[in-house]
Amino acid sequence: MVTATGNSDRPVLVEVEHLVTHYGTNKILDDVSLKVHEGEVFVIMGGSGSGKSTLLRYILALSRPTSGTIRVLGRDIVNSRPSELYELRKKIGVSFQSGALFTSMSVGENLILPLREHTDLDRKTMEIMARLKLEVVGLAGFENLMPAELSGGMLKRAALARAVVMDPKLLFCDEPSSGLDPIVAAAIDELILRLRDALGMTVVIVTHQLESAFEIADRMVVLDSGKILVTGTIEEVRNTTNERVQQLLNRRVDVHELDPEAYLKRLTGS
Amino acid sequence: MPAEGQQQTLNGAARRAQDALERAGRATIDGISAFGYGAALFFESLFWIVRGRSIRQPVRLSMVFEEMMQIGILALPIVTVLSLTIGVMLAIQGIYTLSLFGAESRVTVGIALSVVREFSPLITGILVAGRSGSALAARLGTMSINQEIDALRVMGINPVRFLVVPPLVAMIVMLPALTFWSDLVALFGAGVYVSLDLEMSLSAYSDRVIEVLTVDDLLHGLGKSVIFAGLITLVAVVNGAGVTGGAEGVGRVTTRAVVQSIAAIVITDMLFVFVMTR
Chain A
240 MVTATGNSDR PVLVEVEHLV THYGTNKILD DVSLKVHEGE VFVIMGGSGS
290 GKSTLLRYIL ALSRPTSGTI RVLGRDIVNS RPSELYELRK KIGVSFQSGA
340 LFTSMSVGEN LILPLREHTD LDRKTMEIMA RLKLEVVGLA GFENLMPAEL
390 SGGMLKRAAL ARAVVMDPKL LFCDEPSSGL DPIVAAAIDE LILRLRDALG
440 MTVVIVTHQL ESAFEIADRM VVLDSGKILV TGTIEEVRNT TNERVQQLLN
490 RRVDVHELDP EAYLKRLTGS
Chain B
883 MPAEGQQQTL NGAARRAQDA LERAGRATID GISAFGYGAA LFFESLFWIV
933 RGRSIRQPVR LSMVFEEMMQ IGILALPIVT VLSLTIGVML AIQGIYTLSL
983 FGAESRVTVG IALSVVREFS PLITGILVAG RSGSALAARL GTMSINQEID
1033 ALRVMGINPV RFLVVPPLVA MIVMLPALTF WSDLVALFGA GVYVSLDLEM
1083 SLSAYSDRVI EVLTVDDLLH GLGKSVIFAG LITLVAVVNG AGVTGGAEGV
1133 GRVTTRAVVQ SIAAIVITDM LFVFVMTR
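In order, the protein sequences belong to chains A and B.
Using my numbering, the letters of the first sequence map in sequence onto residues 240 to 509.
Using my numbering, the letters of the second sequence map in sequence onto residues 883 to 1160.
The shape of chain A in the complex, shown without the other chains:
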């Protein structure tokens, strides 16, 4: 397996081995394996339906896989009890695709919630910590707004702020810059890198955006139809000989040979 330069000697924080998952009778992920080293930005890339968001769900222990092992921060999460996972969850931050901010609370209250649940800090200190993270993501002064009042870019920033409010070791981002215009998307990417450097986190990003991935990834894995096509640094992925990966990277549309008879049958519904 190819390894990244400089990071391969650092501890492995996320390890997935031979993961197989199903949804009903459909196989979604087929023998997926990957390793994320401490301090790197690891991108899981794939098109729609490739299974990348599903992979994230399993790594976050939101669903049980059919088979395979998943180790996060050294803990086997498939065979762990909920109480053991509870301790783990305090060290992980997650930014969901649509933000997933609690719509019944203000932005500030959203950030304070994990602090309230997991720490014994007094109200004043928690408010200061929340404001600190809002400053870092560029949302200073917005703590009293409700999530419904935020624009798309602001929503993603607030979600990131909430994900890092407990200073986690591991940050997961599901499509952090999708649905945003290129300038805002680039700003989010840059923010993620700044957060990584400032807080010493390891970041795992799930995305289908090529530009973003190549901009900030240290290592990446390309998923297609539930299988891993290639793993490695940006250069290694860019220069891979895998035909399908090159297709995805160069946005070449798959051209199927057209059978006129079959086509006519499909059109007329016979």
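Note that these hints are calculated values from the structure, not bench results.
Ideal placement from N, C-alpha and C gives every residue a C-beta, glycine not left out.
Careful: at least some of the hints might be erroneous.
[Stated by the list, open to error] If the Cβ cut is set under 10 Å, some of the chain A residues that face chain B in the computed set are: (1) Gly313; (2) Val317; (3) Ser322; (4) Gly338; (5) Thr342; (6) Arg355; (7) Glu356; (8) His357; (9) Ala379; (10) Phe381; (11) Ala398; (12) Gly471.
Based on these hints, arrange chain B on the given structure of chain A.
Chain B alone, transformed into the frame defined by chain A:
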């Protein structure tokens, strides 16, 4: 395979019958599964209430009080209006029916017993199911679609403790309270009509009511409303959490929650009454 050969020889009607049977079977299994899920939620809620504090994950009292405000206090105006109306309606119907036997003076007994034992718990339960049951189902459905429940889980905040226990506790406290208030208002409304129509004084009416009612009657009605409270909350949660399909899905589960909880209330009412008065 023998089964496939069989399939081909079945004619259309038999195939349709087989499909219908399969659908009925699946619906039954889904229903039992939902019932089991609701029961599991109830016992998990009990766990959080009893043991939450000792594992440093207590149920937040402020959230319970917020729900009590929503479910109970804010429902007072509508409960008052409806109870008043029902009290008057019962008086009118009661007097009319009993006048056929020349027994109008007995109407107070009928009103007092039927309001306290039956009408107040039932109507208040249905009202709260429509008002708060739908709100709860919609809230959970929307949160589920917006990945807010996933967000709670990855933060290590148990969704049952955070989203189910507060409304459950609030409902079990507030529904009997609202029912009691409804008893008073309905009896008062009926009393006003009876005192005007039968030229009885209101104090004579209230004396008669107090004479007729026993603590047993009151407990009968309030006991029912405790059960209704649990039913409304769990039906709303099971439906809301099982949402699929975006905004339209939320509308669907909300409607289903209200219809199912009203049906559950009425059926449980009948069962309760049957068991308790034999």
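Tested hints:
1. Gly313: violated, 17 Å
2. Val317: Cβ of Val317 (chain A) sits 16 Å from chain B, so the hint is violated.
3. Ser322: holds, 8 Å
4. Gly338: Nearest chain B Cβ about 8 Å off; hint holds.
5. Thr342: holds, 7 Å
6. Arg355: Holds, about 9 Å.
7. Glu356: Since chain B brings a Cβ to about 5 Å from Glu356 (chain A), closer than 10 Å, the hint holds.
8. His357: Holds - the Cβ of His357 (chain A) comes within 10 Å of chain B, reaching about 7 Å at its closest.
9. Ala379: Hint violated; Ala379 (chain A) Cβ to chain B Cβ min 23 Å, cut 10 Å.
10. Phe381: Where the cut-off is 10 Å and the nearest Cβ of chain B is about 19 Å from Phe381 (chain A), the hint is violated.
11. Ala398: holds, 9 Å
12. Gly471: violated, 28 Å
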